[in-house]
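> Given the sequences, and given the hints that come with them, work out the whole structure.
Chains as they are written, first to last, in this note's numbering: chain E, 77 to 490; chain Y, 77 to 490.
In short, the hints are calculated from the structure, not lab data.
Check the hints yourself; a few may be wrong.
No distinction is drawn between identical chains; accordingly, a pair holds when it is met within one copy or between any pair of copies.
[What the hints assert, rightly or not] Lysine-lysine pairs mimicking DSSO-like chemistry, simulated, CA-CA at most 30 Å apart:
| hint | residue 1 | residue 2 |
| --- | --- | --- |
| 1 | K441 | K347 |
| 2 | K489 | K135 |
| 3 | K278 | K330 |
| 4 | K221 | K135 |
| 5 | K278 | K192 |
| 6 | K488 | K454 |
| 7 | K347 | K217 |
| 8 | K341 | K441 |
| 9 | K221 | K192 |
| 10 | K441 | K457 |
There are 2 protein chains.
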Amino acid sequence: MLTAEIIAVGSELLTPERTDTNSLWLTEKLMDIGVEVKLKTIVGDDEARLEETIRDALKRSDIVITTGGLGPTEDDVTRNVSARAAGREVVYHDEIEAHLRERFRQWGREMPEINKRQAFVIEGAEILPNPNGSAVGMMLKDDGKFLVVLPGPPREMQPMFENHVLDCLRSVSGDVSVVRRVLRVSGYGESALDELISPIYKAYGSVQTSILFNRSEVEVHLSAASSNAAESSKMIDEIVDKIADVLGSALFAKNGETMEEVVGKLLQDRKQTLSVAESCTGGLIGMRLTDVAGSSSYFMEGVITYSNDAKMRTLGVSEETLAQYGAVSSQTAEAMAEGMRRRAGTDYAISVTGIAGPDGGSEEKPVGTVYIGYADEKRTKFLHMQLPGDRYLIRWRSSQAALDYLRRQILKKA
Amino acid sequence: MLTAEIIAVGSELLTPERTDTNSLWLTEKLMDIGVEVKLKTIVGDDEARLEETIRDALKRSDIVITTGGLGPTEDDVTRNVSARAAGREVVYHDEIEAHLRERFRQWGREMPEINKRQAFVIEGAEILPNPNGSAVGMMLKDDGKFLVVLPGPPREMQPMFENHVLDCLRSVSGDVSVVRRVLRVSGYGESALDELISPIYKAYGSVQTSILFNRSEVEVHLSAASSNAAESSKMIDEIVDKIADVLGSALFAKNGETMEEVVGKLLQDRKQTLSVAESCTGGLIGMRLTDVAGSSSYFMEGVITYSNDAKMRTLGVSEETLAQYGAVSSQTAEAMAEGMRRRAGTDYAISVTGIAGPDGGSEEKPVGTVYIGYADEKRTKFLHMQLPGDRYLIRWRSSQAALDYLRRQILKKA
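The structure is reproduced here in structure tokens:
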């Protein structure tokens with residue numbers, strides 16, 4: 077497999093406020109064509125460090141990609157430094173300057189003289205046009221190695237890479253293509269899941285498997301690099317089928333879908349409708365459901381009944397229930413779901429009430445105590461949970477648990 | 077100023093799914109004590125590349141910090157490789173092994189023999205205890221340089237750095253401390269804001285200013301490094317006062333507060349209450365408001381009236397209004413806010429109705445058309461906006477605009 081290094085240039089990327097997202101995007105594109113990223117560097121507008129970084133990368137790796145530092149100011153050092161690291165001069169291109177002048181003219185402005193710097197390119201490099209900005213990119217092939225110099229803004233970098241770099245790298249990386257699948261699983265921890273499914277995936281040596289925990293679910297990432305994409309797909313399909321046999325309904329997504337997409341699809345397929353009554357999640361479940369385009373065909377209504385008064389007035393939870401069992405109780409959760417379903421006239425309603433913290437916990441009901449209610453035309457049920465984490469995580473995990481509980485009830489009915 | 081490099085170790089950090097968050101956290105801590113981060117590297121479990129990376133970093137920088145690769149498996153190469161890069165041996169510590177055995181015993185398990193590897197440390201390095209995991213850290217001072225080797229999991233790395241590394245680095249970085257402030261501004265673009273406030277901050281050469289756009293607001297980051305923290309604070313206070321004079325109520329946060337925190341504080345100070353009626357934002361406004369601990373004292377109730385039926389039944393929007401003007405209109409937005417306020421009996425109510433896309437737009441009302449409604453005891457008002465972006469951004473910007481509209485109305489009343 078060909079190896080690559082990615083170098084992000086810019087002092088702003090070394091502050092706590094900014095993070096380099098280009099390298100994640102590039103890593104995914106490179107993986108797809110069977111190129112392995114071996115190192116990533118973030119370096120400021122610092123000529124000496126950048127030159128050393130590019131030079132070392134060219135020694136070790138087949139492909140070196142830099143992003144950023146191609147603007148017109150003195151801080152933008154990548155053009156000259158990358159040339160130096162590759163042992164080349166920079167040369168001036170009249171036609172780039174003419175093109176830039178024309179662009180500025182179209183915006184109704186005179187080209188500032190400072191932009192002339194952007195007409196210098198590494199000697200012998202292919203010039204990569206930039207329809208979305210003033211900085212051209214460069215690709216230098218030398219001694220079997222590639223040095224690709226791209227601008228920093230993603231909307232300039234991404235189309236430049238896809239239109240002018242990807243095919244060329246694909247042709248040298250050979251016939252390798254990578255097939256990838258992401259599975260999502262609820263109700264298991266990382267290691268318990270791994271124990272269950274490792275005998276399956278370990279039988280397929282050519283498929284790379286990684287297991288990642290992600291807030292409230294475990295993801296299984298499968299990828300296979302080979303010259304035969306159809307065969308890779310078949311192998312991955314086999315693994316997925318075997319994992320599905322072992323996990324049953326705990327495997328909720330076979331193609332990277334989110335929980336809200338999966339629930340939405342189930343409702344859409346059945347032409348059924350949903351309403352939601354939230355307390356501690358404060359709108360998060362509604363927000364997630366309506367994140368999905370087209371959700372208006374199954375999601376009808378939600379209420380955020382934060383106060384006891386709202387729980388009584390809007391959902392018809394009785395004063396006695398609240399007084400006897402408390403707002404955070406299975407009785408209240410069930411009454412909320414029933415009241416919601418009655419008021420909205422939907423096929424299903426779910427509810428959440430709990431203590432997200434940091435305050436409000438007691439010995440009997442500590443922070444993280446959450447009750448989920450469910451109602452359909454025949455049954456009302458609840459689920460009690462004790463969730464770990466801070467306020468953010470408890471709210472997120474409550475929303476996930478409520479959607480998952482609904483999903484499992486719908487599947488049971490079918 | 078002392079310089080630092082941060083090296084994150086782990087092949088999983090070179091996949092598109094995982095991002096290195098440790099280096100952002102460390103950068104912030106180092107900035108606070110006046111240490112400048114000059115380079116960041118992410119490297120896989122690759123002995124040769126890691127050794128070269130650490131060796132080069134030690135040549136160039138005063139402080140080199142690695143995170144990750146200290147586990148007990150063969151993939152965990154940082155212990156041996158960092159020793160080699162520093163020209164040292166690793167030595168075995170019986171007391172670390174004894175301590176590890178005791179930890180495992182407390183968990184009711186036998187220590188696997190593989191964990192013995194974690195009892196090796198770089199010769200001459202200070203051992204950094206890890207109450208949250210099995211990997212100790214190491215700090216080597218050599219020739220005026222620091223090599224700090226930390227575990228990867230943030231909940232192990234962060235307390236180790238704060239309790240055992242920070243003070244030591246602070247003592248060598250001299251008397252420098254950094255004062256920072258983040259301001260948040262609504263209603264301005266990046267460059268328009270910069271034009272207005274650059275004459276102010278440019279008069280303070282020792283204060284670094286950067287302006288960042290962040291989904292729906294512009295942030296102004298001010299920082300001053302000096303040996304006199306009181307003087308830096310005074311300078312930054314002066315800048316903030318002058319910016320506040322120019323921007324008025326557009327400057328909504330002087331200390332990095334979020335919009336939902338600012339609105340919550342206004343309501344809490346006035347002992348007033350709020351309810352929210354959402355359509356296209358689907359619960360996002362409720363979710364943001366209730367993200368703030370203690371929000372139950374002012375946020376009473378929300379409804380997510382996604383269907384027309386819910387808008388009529390729950391909020392009392394008339395069939396005529398919906399038929400004549402449509403669900404996305406100023407009339408519907410106002411009727412939603414009035415209906416919400418009436419039903420919840422709160423001091424204020426806000427509402428949002430709009431077209432978040434990707435579908436549902438028309439020539440007359442394209443995707444991004446959003447109406448915000450506001451009602452208090454005396455007035456009902458609306459705000460019409462045409463927002464750019466995809467579904468995610470339109471929803472986010474709608475929620476921000478609604479909260480900001482409420483904020484400005486509350487301030488006007490006062």
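> A separate judgement is required for each hint: does it hold in the structure or not?
Structure-based check of all given hints:
Taking the shortest alpha-carbon separations for K441 and K347, only the inter-copy value of 28 Å comes in at or below 30 Å, while the best intra-copy value is 38 Å. Taking the shortest Cα distances, K489 and K135 never come within 30 Å of each other, neither inside one copy (61 Å) nor across copies (66 Å). Proximity of K278 to K330 under the C-alpha cut-off of 30 Å is restricted to the intra-copy arrangement: shortest distance 19 Å within a copy versus 55 Å between copies. In the homo-oligomer, the alpha carbons of K221 and K135 lie at most 30 Å apart both inside one protomer (9 Å) and across protomers (27 Å), since each shortest distance falls under that limit.
Taking the shortest alpha-carbon separations for K278 and K192, only the inter-copy value of 27 Å comes in at or below 30 Å, while the best intra-copy value is 57 Å. In the homo-oligomer, the alpha carbons of K488 and K454 lie at most 30 Å apart inside one protomer (13 Å), although the nearest pairing across protomers, at 52 Å, exceeds that limit. For a Cα distance limit of 30 Å, the shortest separation of K347 from K217 qualifies neither inside one copy, at 56 Å, nor across copies, at 67 Å. In the homo-oligomer, the alpha carbons of K341 and K441 lie at most 30 Å apart only across protomers (28 Å), although the nearest pairing inside one protomer, at 35 Å, exceeds that limit.
In this assembly of identical chains, K221 and K192 lie within 30 Å of each other by CA distance solely inside one copy; the values are 29 Å within and 42 Å between copies. Proximity of K441 to K457 under the C-alpha cut-off of 30 Å is restricted to the intra-copy arrangement: shortest distance 20 Å within a copy versus 43 Å between copies.
Hint compliance for this structure: hints 2, 7 are broken, all remaining hints hold.
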